[in-house]
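Undergrad: Okay, here's what each chain looks like letter by letter:
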Amino acid sequence: MVETLSTAAENTWCPGCGNFGILNAVKKAVKTLEEHGIQRDHLIISSGIGCHGKIFDYLNLSGLYSLHGRSIATVQGIKLANPELKIIDFVGDGDAFGEGISHIIFAAKRNADITVITHDNGTYALTTGQFSPTSVRGFKGPSTPTGAIEDPINPVTLLMEVGATFVARGYAGKIDHLTDLIVNAVEHEGFSFIDVLQPSVVFHDTYKEYNEQIEILEKIPDSYDEAVRLAKRNERKLPIGIFYQTSKPVFHRELYGDWNPVKNHVNKKERVEKIRKYIEGEP
Amino acid sequence: MMDEPRDYKKRRKTRMDKDLFTLIIGGKAGQGTTKAGMTAAHLFSSMNRDVFQMNDYPSLIRGGHNFSVVSSSVGLLHSHYLEANLIIALDKRSYDTHINHVAKNGILVVNSDEVKGEGIGIPITTEAKKYSNPFLISGLASIAILAALIGTTNQELRKIIRSEYTRNIEENLAFSLSIYDIAEKTIGKKFVLKKGDKKKRLLTGNDAIALGAYAAGLDLYFAYPMTPSSSLLHFYAHHGKELGVAAIQPENEIAVANMAIGATFAGTRTMVGTSGGGFDLMQEAFSLAGMIEAPVLFYLGQRPGPSTGVPTYTEQGELRYALNPGHGEFPRIVASPGSVEEAFYLTAELLDLVWRFQTPGILLTEKHLAETIMSSTLEPEKTKWAEPLMHNSGEYLRYHDTSHGISPLLFPPSSSTIKWNSYEHDESGYTTEKPEIITQMHQKRRKKSQSLIAYLKTIHTVNTFGKGGSNIFTFGSTTMSVLEALDYSDIKATVIQPIYLEPFPVWELEKYRAKNGIVVEMNSTGQLATLLHDKVGIHSKTLIQKYDGRPFNPTELAQQIKEAL
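Going down the list, the sequences are from chains A and B.
In terms of the working numbering, the first sequence has 320 at position 198, counting the first letter as 1, and numbering is strictly consecutive.
In terms of the working numbering, the second sequence has 275 at position 273, counting the first letter as 1, and numbering is strictly consecutive.
Honestly, I wouldn't trust all of these hints.
List time: in silico DMTMM-like cross-link candidates among lysine to aspartate or glutamate, alpha-carbon distance up to 25 Å [unchecked claim]:
1) A:Lys153 / A:Glu206
2) A:Lys399 / B:Glu397
3) A:Lys208 / B:Glu397
4) A:Lys390 / B:Glu381
5) B:Lys161 / A:Glu402
The set of hints was computed from the structure by calculation and includes no laboratory data.
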């Protein structure tokens with residue numbers, strides 16, 4: 123049995139990094155999910171490449187440490203192979219909205235039954251702090267010495283638009299709130315997405331700004347339009363919480379109902395018979 | 003170990019005993035030349051004749067020039083011929099293109115409403131205009147003309163039309179019978195074709211590949227549409243439910259390959275299919291599969307490149323490319339089938355191999371094999387079955403450093419933690435940068451390469467056909483052209499076809515080093531010739547190449563081989 127969620131891997135995140143908050147929230151969420159009846163061995167993790175990805179080595183859970191930008195494709199394959207598994211995929215903002223943006227859009231579009239948690243620090247920290255898809259205009263990094271000249275992507279409104287059925291924003295500095303979001307996201311049937319605001323103490327230290335602006339949503343907004351309005355960043359307020367949740371058929375069920383490719387693997391004898399039937403059945 | 007697979011020697015026949023008959027149907031895209039060609043193929047097949055059908059079509063939906071070549075014979079047939087005993091030109095362009103393809107004593111039938119020229123005229127358009135969809139129906143005329151020529155009875159023709167053209171059946175019957183009556187007066191029973199003695203199944207290369215992968219245990223097939231692999235996606239989409247296989251079409255080839263890798267992590271047998279351009283996008287994932295040791299089979303169907311190239315035609319320009327995709331060092335398995343039947347068994351064998359050695363493999367083919375229809379006999383119980391080495395008990399280490407380099411597998415859910423890792427990793431799958439572990443893991447993957455070679459030495463990796471004479475080296479679908487050329491001109495030679503291209507079966511090929519050979523391949527740089535030279539030390543005295551997108555015509559190839567002997 124998996125005794126503990128920690129591993130022997132040495133943690134190399136910078137002291138004070140927002141990633142610690144996310145790791146702690148995940149550990150707490152896994153315990154709650156177990157209490158809710160989701161077995162730990164059914165929780166499968168994946169991650170992209172970047173500071174966020176190191177969480178793969180720090181969690182004693184089975185999974186696949188994927189490529190930069192590709193983990194959302196990887197986990198959809200895992201889910202399709204064995205729909206009984208519950209998927210938590212950790213991605214970075216550069217990972218999900220730069221290199222791999224097509225995958226997150228299509229995963230949401232087809233309502234793949236997976237949970238995607240974005241460690242959104244608005245910079246490519248592991249490669250020394252270049253501007254990223256969610257960097258604010260004017261962000262100064264080694265590749266943008268005079269400031270970024272592009273506007274940022276808003277992950278929350280983007281994911282709502284393309285069909286995600288659970289869209290939330292969390293903050294690495296509010297661990298209990300984030301824990302609840304993760305539990306809700308994993309329990310949601312369909313594509314669930316949490317954009318986690320994650321300060322990078324070295325390259326993009328946003329603790330002060332976030333601590334001043336963060337406001338927890340009192341409830342899920344009543345309408346889609348209201349959710350979009352609230353999710354747009356306003357200079358003075360930065361709401362966190364579940365923005366949108368709806369129910370839609372999930373991809374693997376639409377594709378093949380209750381069939382489970384791993385469990386229902388057709389044996390050799392049956393295959394031989396079916397091939398014979400096919401060969402003899404048509405001219 | 004068997005030489006001359008599938009009783010080649012027993013069934014080899016020369017042109018004289020083959021009773022060759024070739025039909026060419028030319029028309030515009032949308033006119034149904036491919037469908038008519040397939041129906042003709044079924045007609046020949048019902049006479050127990052071997053069939054080889056090649057469809058030539060440009061990358062467009064309506065208009066242009068399409069043609070279908072259907073050759074048939076008594077006994078083994080490896081290729082179509084371009085010298086036709088019957089040519090049916092539905093339009094002017096077909097007439098201009100094929101006027102020189104009429105064989106000695108061959109017959110040219112033209113649609114006299116559109117073509118003024120040589121040949122026997124039949125007013126196909128005028129007759130077709132009596133029905134609700136004159137353009138679509140006109141292709142059917144070719145079946146009626148063929149039937150009249152070879153003495154198929156009125157009743158037999160009705161039966162064929164009923165089974166092959168199921169929409170608007172009464173109109174189809176009336177139209178084809180009226181053409182049949184016209185044709186019978188001029189060319190009726192001009193050819194009497196021999197019947198063969200063995201009923202075979204008509205299959206495209208892609209059909210055989212689809213069935214071969216299924217026979218070996220395939221569960222999931224991922225692909226993004228691209229000629230010439232698309233029909234594999236369609237096959238699984240149509241037959242998946244009855245077979246217990248699913249076809250998935252993700253957003254691009256990058257997602258295709260990464261989803262397939264994820265699916266193997268959970269324990270399903272998976273394959274992906276594409277052509278060169280799509281495979282370019284998969285290289286990143288190919289390298290990932292090498293590192294995390296994911297058993298994924300990549301189907302790479304070649305067409306003329308570089309870049310978009312000539313999408314619906316054929317070439318073998320990606321041999322060297324298929325041997326070296328993906329960054330970094332890791333074992334990979336590449337093999338290419340030389341016939342539709344071989345494609346069936348080889349696909350199953352490759353799926354077994356990628357699971358046995360937990361490394362990516364490539365099934366390399368060409369449009370010419372993928373979309374050609376050939377008479378085939380498949381014995382599904384003789385295929386391999388993909389079954390990995392599994393972990394039994396005790397502590398689980400995903401990358402356990404065994405003596406053969408192969409680490410036992412375990413699938414989730416499991417009480418043990420299973421970590422597949424794209425970073426260099428230790429035996430348990432955790433990220434590492436330690437020099438001694440980096441070295442150890444490189445060596446583990448090297449051991450796996452050596453185990454793979456040791457295993458390949460115990461199986462059939464090179465086909466040889468014939469004995470004595472010059473050595474002719476070829477690979478993939480060009481093997482079919484070479485074998486037919488030798489039959490046609492009754493040339494004595496030994497044909498050597500490496501089925502496996504990586505690891506390259508040097509141990510089987512070394513014995514041919516003493517003599518310079520002839521190399522036949524469909525590319526402009528002589529990739530097989532350089533491979534034979536670099537890896538085995540075999541020199542080629544003549545290189546016969548073709549790189550115009552069209553497969554070899556056996557009569558021309560026979561001439562080239564004779565000149566090279």
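Undergrad: Now look at each hint and say whether the structure bears it out.
TA: To see whether the hints hold, each was checked on the structure:
1. The hinted pair formed by A:Lys153 and A:Glu206 meets the criterion: a straight-line CA distance of about 19 Å does not exceed 25 Å.
2. With a C-alpha separation of about 44 Å, the suggested pair A:Lys399 and B:Glu397 falls outside the 25 Å cut-off, and the hint is violated.
3. As the CA atoms of A:Lys208 and B:Glu397 are separated by approximately 24 Å, the hinted pair is consistent with the 25 Å bound.
4. Between A:Lys390 and B:Glu381 the CA atoms are separated by roughly 13 Å; this keeps the pair inside 25 Å, and the hint holds.
5. A threshold of 25 Å between alpha carbons decides the hint, and for B:Lys161 with A:Glu402 the separation of about 18 Å falls inside it, so the pair holds.
Hint violations for this structure: number 2 only, all remaining hints satisfied.
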